[in-house]
Amino acid sequence: GAVVSQHPSWVICKSGTSVKIECRSLDFQATTMFWYRQFPKQSLMLMATSNEGSKATYEQGVEKDKFLINHASLTLSTLTVTSAHPEDSSFYICSARPSGKNIQYFGAGTRLSVL
Amino acid sequence: GEDVEQSLFLSVREGDSSVINCTYTDSSSTYLYWYKQEPGAGLQLLTYIFSNMDMKQDQRLTVLLNKKDKHLSLRIADTQTGDSAIYFCADDRGSTLGRLYFGRGTQLTVWP
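These protein sequence lines map, in sequence, to chains A and B.
Numbering follows the numbering used here, in which position 38 of the first sequence is assigned residue number 298; successive positions increment by one, without gaps.
Numbering follows the numbering used here, in which position 27 of the second sequence is assigned residue number 130; successive positions increment by one, without gaps.
All the pointers check out, no bait thrown in.
Some chain B residues flagged as far from chain A (calculated, every beta-carbon gap over 12 Å):
id, residue
1, Ser114
2, Val115
3, Arg116
4, Glu117
5, Gly118
6, Val122
7, Asn124
8, Thr126
9, Asp157
10, Lys159
11, Leu167
12, Lys171
13, Asp172
14, Gly185
In silico DMTMM-like cross-links for lysine to aspartate or glutamate, where the CA-CA straight-line distance does not exceed 25 Å:
id, chain 1, residue 1, chain 2, residue 2
15, A, Lys301, B, Asp106
16, B, Lys139, A, Glu282
17, A, Lys301, B, Glu108
18, B, Lys170, B, Glu108
19, B, Lys139, B, Asp129
20, B, Lys159, B, Glu141
21, A, Lys361, A, Glu282
22, B, Lys139, A, Asp287
23, A, Lys301, B, Glu141
24, B, Lys171, B, Glu108
Simulated DEER-style distance windows between Cβ atoms:
id, chain 1, residue 1, chain 2, residue 2, range
25, A, Leu286, B, Thr199, 19 to 29 Å
26, A, Ser359, B, Lys159, 17 to 27 Å
27, A, Thr342, B, Gly118, 45 to 55 Å
28, A, Ser359, B, Lys170, 19 to 29 Å
29, B, Val122, A, Asp325, 43 to 53 Å
30, A, Glu347, B, Gly143, 19 to 29 Å
31, A, Asn330, B, Asp129, 27 to 37 Å
32, B, Thr212, A, Gln320, 30 to 40 Å
33, A, Ser275, B, His174, 43 to 53 Å
No lab work stands behind these hints: they were computed from the structure.
Small disclaimer: the values here were computed from a predicted structure and weren't measured.
The beta-carbon is built from N, C-alpha and C at its ideal position, and this holds for glycine as well.
All chains should be built: construct the whole structure from the sequences, respecting the hints.
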């Protein structure tokens with residue numbers, strides 16, 4: 261149980277294009293999902309908290325128009341990196357919190373490379 | 104400085120015990136967590152402990168919590184080469200939204 265599927269696992273795109281990353285909780289409902297960014301040999305940096313049916317809460321310094329988050333159902337949140345640039349290249353990880361529990365289960369991450 | 108601190112590296116020989124330490128600053132933490140990350144992968148929840156507990160054991164894993172000193176440790180008994188990974192300590196600072204605050208991670212290397 262408690263599986264979080266993140267897709268795609270790896271994406272290469274051209275500068276200026278948009279990329280969508282999906283995060284699905286497969287066997288539980290998640291009112292809240294989180295999106296993180298991880299730089300090499302660094303810890304996870306929380307980008308935003310995604311709440312089902314409402315607007316995401318972004319951390320300070322994270323551009324909401326650049327990183328669009330949609331949490332349309334209790335099992336799916338998406339992160340769209342708009343007009344991607346090489347500096348957006350990173351490892352993006354999502355997590356999902358089962359409703360009523362204080363635990364986060366993580367996806368396998370998405371490696372984004374922007375050329 | 105970091106609010107959740109961990110040493111960055113630990114090397115042990117296969118079969119020995121590993122102890123990974125973590126300190127945190129927020130006294131309102133309700134739960135504290137240990138996650139494992141293998142190269143190129145997401146984080147795997149290993150175990151967690153409620154703040155009013157001193158110890159939790161789960162097979163080869165033992166978590167010790169000293170709430171007075173705000174010190175958390177993870178002991179891995181009979182460490183195997185497959186345990187080589189980065190281990191992250193995290194606390195929730197009492198957040199009702201489920202937000203977690205992570206340390207920088209400890210790279211555990213197990214030598215055969």
